[in-house]
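Work the whole structure out from these sequences, hints included.
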Amino acid sequence: DAGITQSPRHKVTETGTPVTLRCHQTENHRYMYWYRQDPGHGLRLIHYSYGVKDTDKGEVSDGYSVSRSKTEDFLLTLESATSSQTSVYFCATDDSGTGGVETQYFGPGTRLLVL
Amino acid sequence: DAKTTQPTSMDCAEGRAANLPCNHSTISGNEYVYWYRQIHSQGPQYIIHGLKNNETNEMASLIITEDRKSSTLILPHATLRDTAVYYCIVLSGGWAGNMLTFGGGTRLMVKP
Chain A
438 DAGITQSPRH KVTETGTPVT LRCHQTENHR YMYWYRQDPG HGLRLIHYSY GVKDTDKGEV
498 SDGYSVSRSK TEDFLLTLES ATSSQTSVYF CATDDSGTGG VETQYFGPGT RLLVL
Chain B
25 DAKTTQPTSM DCAEGRAANL PCNHSTISGN EYVYWYRQIH SQGPQYIIHG LKNNETNEMA
85 SLIITEDRKS STLILPHATL RDTAVYYCIV LSGGWAGNML TFGGGTRLMV KP
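Those protein sequences? They're chains A and B, same order as listed.
Be aware that the first sequence starts at 438, since it is given in my numbering, and climbs by one per residue.
Be aware that the second sequence starts at 25, since it is given in my numbering, and climbs by one per residue.
Bear in mind the hints are in silico, worked out from the structure with no lab data behind them.
Backbone N, C-alpha and C fix where the C-beta goes; we use that ideal spot for every residue, glycine too.
Any given hint might turn out to be false.
[Unchecked claim] Okay, the calculated beta carbon distance ranges per label pair:
#, chain 1, residue 1, chain 2, residue 2, range
1, A, 450, B, 96, 37 to 45 Å
2, A, 490, B, 90, 41 to 49 Å
3, B, 69, A, 548, 12 to 20 Å
4, A, 521, B, 32, 21 to 29 Å
5, A, 521, B, 65, 15 to 23 Å
6, A, 457, B, 43, 38 to 46 Å
7, A, 447, B, 39, 33 to 41 Å
Structural data, given as structure tokens:
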């Protein structure tokens, strides 16, 4: 357990509204990730961060943006939520150094329903 | 990263060993095999990983074939709490850390 919390844990919103999900970690891990999990697709990477203010796109980044102003917080924003973004969102952190073999620790997830 | 193939589901009797296979025939020399699991409604949990030698930790053992084209995760004494979806992932390290792409995984059901 890497001290990862996600908020909110559950959210229902309407199409077209902006939504921000928060991931908070207490372990000072450098790397942080946002994934979405949908039935039949496993986990898919949305965005990741390799340091404060350093972020990059993952496999399914369209419609999402991220920000990381502090080491401990990684925010995921859905600019204008769509029903296709209904999913379970997981945050993960990574204690790797400059590369090589490492593991990721996952938060408990946020269930988002877009109506 | 190499693609992996796993059976969709497996059953195991409580107290017996659970052997979960994974095929990764296109694995390259610098790629590791990782195993994660996900218990219902929780985030994924790391189990074990290896490059070419067999590995063991407090949770499981990982057996990798000599040609590295397949591996088996072994839970030596499965309990009901081991019921979960198990993901086999192949990946290499990189400057941006490791990006985990999970496929469908194997749904393991441990039965009393």
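Outcome of range test on Cβ distance (residue 490 of chain A, residue 90 of chain B; 41 to 49 Å): For residue 490 of chain A and residue 90 of chain B the Cβ distance comes to about 45 Å; the hint holds.
Cβ separation of residue 457 of chain A and residue 43 of chain B, checked against the hinted range 38 to 46 Å: 43 Å, holds
Residue 69 of chain B paired with residue 548 of chain A, Cβ distance criterion 12 to 20 Å: 18 Å, holds
Assessment of proposed distance window 33 to 41 Å (beta carbons of residue 447 of chain A, residue 39 of chain B): 36 Å, holds
task: For the range 37 to 45 Å, tell me whether the beta carbons of residue 450 of chain A and residue 96 of chain B fit it or not.
output: For residue 96 of chain B against residue 450 of chain A, whose Cβ atoms are near 43 Å apart, the range 37 to 45 Å holds.
message: I want to verify a distance hint. Is the separation of the beta carbons of residue 521 of chain A and residue 65 of chain B within 15 to 23 Å?
response: Given a distance of about 22 Å, which is inside 15 to 23 Å, the answer is holds.
task: With respect to the beta-carbon atoms only, verify the hint that residue 521 of chain A and residue 32 of chain B lie 21 to 29 Å apart.
output: 25 Å, holds
Violated hints: none; the structure is consistent with every hint.
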